[in-house]
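Number of protein chains: 2
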Amino acid sequence: MDAIDVIVTKRERGTLSREQIDWVVGAYTRGEVAEEQMSALAMAILLNGMDRGEIAGWTQAMIDSGERMDWSALDRPTADKHSTGGVGDKITLPLAPLVAACGAYVPQLSGRGLGHTGGTLDKLESIPGWRASLSQEEMLGVLRTAGAVVCAAGGGLAPADRKLYSLRDVTGTVESIPLIASSIMSKKIAEGTGSLVLDVKVGSGAFMKTVERARELATTMVELGTDAGVRTVALLTAMDRPLGRAVGNALEVAESVEVLAGGGPADVVELTVRLAREMLAAAGVSGKDPEVALKDGSAMDAWRRMIIAQEGDPDALLPRAAETMVVTAPASGVLSRLDAYAVGLAAWRLGAGRARKEDPVSFGAGVTLHAKPGDLVRAGAPLLTLHADETARFDRALSALAGGYEIAPASDPTLLPLVIDRIA
Amino acid sequence: MDAIDVIVTKRERGTLSREQIDWVVGAYTRGEVAEEQMSALAMAILLNGMDRGEIAGWTQAMIDSGERMDWSALDRPTADKHSTGGVGDKITLPLAPLVAACGAYVPQLSGRGLGHTGGTLDKLESIPGWRASLSQEEMLGVLRTAGAVVCAAGGGLAPADRKLYSLRDVTGTVESIPLIASSIMSKKIAEGTGSLVLDVKVGSGAFMKTVERARELATTMVELGTDAGVRTVALLTAMDRPLGRAVGNALEVAESVEVLAGGGPADVVELTVRLAREMLAAAGVSGKDPEVALKDGSAMDAWRRMIIAQEGDPDALLPRAAETMVVTAPASGVLSRLDAYAVGLAAWRLGAGRARKEDPVSFGAGVTLHAKPGDLVRAGAPLLTLHADETARFDRALSALAGGYEIAPASDPTLLPLVIDRIA
Numbered sequence: 001m002d003a004i005d006v007i008v009t010k011r012e013r014g015t016l017s018r019e020q021i022d023w024v025v026g027a028y029t030r031g032e033v034a035e036e037q038m039s040a041l042a043m044a045i046l047l048n049g050m051d052r053g054e055i056a057g058w059t060q061a062m063i064d065s066g067e068r069m070d071w072s073a074l075d076r077p078t079a080d081k082h083s084t085g086g087v088g089d090k091i092t093l094p095l096a097p098l099v100a101a102c103g104a105y106v107p108q109l110s111g112r113g114l115g116h117t118g119g120t121l122d123k124l125e126s127i128p129g130w131r132a133s134l135s136q137e138e139m140l141g142v143l144r145t146a147g148a149v150v151c152a153a154g155g156g157l158a159p160a161d162r163k164l165y166s167l168r169d170v171t172g173t174v175e176s177i178p179l180i181a182s183s184i185m186s187k188k189i190a191e192g193t194g195s196l197v198l199d200v201k202v203g204s205g206a207f208m209k210t211v212e213r214a215r216e217l218a219t220t221m222v223e224l225g226t227d228a229g230v231r232t233v234a235l236l237t238a239m240d241r242p243l244g245r246a247v248g249n250a251l252e253v254a255e256s257v258e259v260l261a262g263g264g265p266a267d268v269v270e271l272t273v274r275l276a277r278e279m280l281a282a283a284g285v286s287g288k289d290p291e292v293a294l295k296d297g298s299a300m301d302a303w304r305r306m307i308i309a310q311e312g313d314p315d316a317l318l319p320r321a322a323e324t325m326v327v328t329a330p331a332s333g334v335l336s337r338l339d340a341y342a343v344g345l346a347a348w349r350l351g352a353g354r355a356r357k358e359d360p361v362s363f364g365a366g367v368t369l370h371a372k373p374g375d376l377v378r379a380g381a382p383l384l385t386l387h388a389d390e391t392a393r394f395d396r397a398l399s400a401l402a403g404g405y406e407i408a409p410a411s412d413p414t415l416l417p418l419v420i421d422r423i424a
Numbered sequence: 001m002d003a004i005d006v007i008v009t010k011r012e013r014g015t016l017s018r019e020q021i022d023w024v025v026g027a028y029t030r031g032e033v034a035e036e037q038m039s040a041l042a043m044a045i046l047l048n049g050m051d052r053g054e055i056a057g058w059t060q061a062m063i064d065s066g067e068r069m070d071w072s073a074l075d076r077p078t079a080d081k082h083s084t085g086g087v088g089d090k091i092t093l094p095l096a097p098l099v100a101a102c103g104a105y106v107p108q109l110s111g112r113g114l115g116h117t118g119g120t121l122d123k124l125e126s127i128p129g130w131r132a133s134l135s136q137e138e139m140l141g142v143l144r145t146a147g148a149v150v151c152a153a154g155g156g157l158a159p160a161d162r163k164l165y166s167l168r169d170v171t172g173t174v175e176s177i178p179l180i181a182s183s184i185m186s187k188k189i190a191e192g193t194g195s196l197v198l199d200v201k202v203g204s205g206a207f208m209k210t211v212e213r214a215r216e217l218a219t220t221m222v223e224l225g226t227d228a229g230v231r232t233v234a235l236l237t238a239m240d241r242p243l244g245r246a247v248g249n250a251l252e253v254a255e256s257v258e259v260l261a262g263g264g265p266a267d268v269v270e271l272t273v274r275l276a277r278e279m280l281a282a283a284g285v286s287g288k289d290p291e292v293a294l295k296d297g298s299a300m301d302a303w304r305r306m307i308i309a310q311e312g313d314p315d316a317l318l319p320r321a322a323e324t325m326v327v328t329a330p331a332s333g334v335l336s337r338l339d340a341y342a343v344g345l346a347a348w349r350l351g352a353g354r355a356r357k358e359d360p361v362s363f364g365a366g367v368t369l370h371a372k373p374g375d376l377v378r379a380g381a382p383l384l385t386l387h388a389d390e391t392a393r394f395d396r397a398l399s400a401l402a403g404g405y406e407i408a409p410a411s412d413p414t415l416l417p418l419v420i421d422r423i424a
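Line order of the protein sequences matches chains A and B. Last residue of the first sequence: 424 in our numbering, with the numbers rising by one and none dropped. Last residue of the second sequence: 424 in our numbering, with the numbers rising by one and none dropped.
These are computed hints drawn from the structure, not numbers from a lab. Treat the hints with caution; some may be incorrect.
Just so you know, same-sequence chains aren't split out, so a pair can sit in one copy or run between any two.
Restricting the straight-line Cα-Cα distance to at most 25 Å, the calculated cross-link-like pairs of lysine to aspartate or glutamate (DMTMM-like) are [said to hold, decoys possible]:
#1 357 / 5
#2 209 / 12
#3 209 / 5
#4 163 / 51
Since the model is a prediction, treat every value here as computed from it, not as a measurement.
Whole structure, please, built from the sequences with the hints as guidance.
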């Protein structure tokens, strides 16, 4: 087998055989296929595509490059959720303990933010003491204690994907549905969950800008999960505006705790409950209703156990940014548009995100929303508050927001429905 | 400017701006754009193409990455030829001194063989003492003495092309007409020749397998040369069967000397004379007729001066392989097919070519043809002789030849005409 043969097969629009895929992914992981060879192959895959069988083979080869987790020692089914990433998307934080409180185990390996979208681990790390890195044994302990665990993926899980993801990031080969789908699903299948709900975001703040592309990605991932024996369902959900009213690490933790306390913004509550029901149904668990678990304190109890089991202090004060700046409404009317990407970019520039993997994030930085699209606003009233550790960051955040919102005399904003579609 | 922006522009079928091209080629040469980024870009170029303006810009950026030669100190016009490579294509050897004998200077930077096609420098190095590496000053000296010089390109000429060529070789991105054309033409334009004749080979033994692809490459290169002020003409010529009767380094030198002595195989003589006339016409030189110069010894004199000026001994015995093996005709009839690629592959496996750039070649190894397509052959009579330094090589050469020739009862073979088309 030879890397050039594999590259040329895909370049000429051929179908990669299972042997070619197993060999090239394995040899790349071992360093026998060079980075420049894999990047040429990734570009050929991006431009010429892969069929269902090739994507399944590619995903399996990435799983086979590392270890696979096993939760068969647990006495109840496992369920997980994966979001393709958005602005203000803190749903994992209330969702994982909520589903645990309703009777399924949630073993979630999560990631960090890069670019304008936040990362669940960065958010949880704003809780003093909380620790993201756990051994598989420690994960099992947290699961038994709290019913849910959210932690960083160890290096042994799908190492091929880890290597390929870094390569795609610098070679303009990220935006390939076969490569995105296999990257996500290889980690989720290797994670060993029995059922999986995918939250595929659509809109300016999401990776997939159109419903068509999002549907294609969702369908590909549902097929991959199903073929691998994981009960998989996908929802396409709105990311044309931010989720909730808080964007930024500690700000989103605080909002999540509000939801777990039975309050919080309507869209965050609605999506959390909807995803919880999907996860419980996929896991075949019909215990407590999620809406009840948010009201009766059992979801909050699970949250506290989960944070404490990972050495976090759920009662500690969260970090706050040193500086704030209020953006006021320039006119009276209806907030007809508040662009998710503009708000995400502003939060990133305020310090909530990182430009390079090795950069730190500011836990307190971000944006809070005083109005959501469709709300009436009054000229001069607060529209957004910006949070940053240095006032010097406000200018670039404001320029990110320029053109990112509109106030109309009295129009009904045309927004995507919160849940656009369901693919099973 | 950012490598990912450039890659994504081409990936999305956009047109690269002159600024993008200058930046990416320059930064790649300086090592600021990584190999894996350039290979992704090369694959995107291969699959999505470049327009005439982009190819011209790319070529110019590669020329600008290094030095440019200048022959204005010479008192007569310069002319060069470039072949895209074939099996038994030793034409440069008789052609360069022939054109010099007819009144134009020939400053040719040449290359080594890789794969099944031979390289002019490897052939000339089979002449004892001959030296391929010359400084520009030494080149000028040889030109003044002999009228023609054939030597290796120094590292200062189009270093971007040198780096990119090695990368394309291992990443399945060789077969792109814009990249092939800009690679060839950047070196030929930087070489400083005033006029250029391109011999674009077509057929199984050539890089371009079809007349259509060869015409596209030829047209692209003629446009590039013309736009850069080099009078450029291309011939499309046959490479469905080998050129001449000798394939292999020293074997081809011997055949070239036969041509310079007024003999040699008809196809080699015809193509040499045709190319010489094109070069002289492009250079605007109307001195001696090439057919006369082959008969009256003046081309041979130029050859001897050229070899001696580069420290070679034109009278030395050429290296011979230690072992030979005769392949006989399996039946009587007409040799209806003798596949160029099969013969080239056999010669390569006999030791005439190299698998990796750093491998040595065997000067004596190769194949001699006792019949050419269209010739009558008798069962049991010699068809080919294989030459190698070890008998162990014969088996693999024979398997390369299996199916590579056919003997028909009495048919007219369907061969490409020697000169298929002319593009000016």
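Here is how each hint holds up against the structure:
no., hint, result
1, 357 / 5, "between (33 Å within a copy, 19 Å between copies)"
2, 209 / 12, "between (29 Å within a copy, 15 Å between copies)"
3, 209 / 5, "between (34 Å within a copy, 18 Å between copies)"
4, 163 / 51, "within (23 Å within a copy, 34 Å between copies)"
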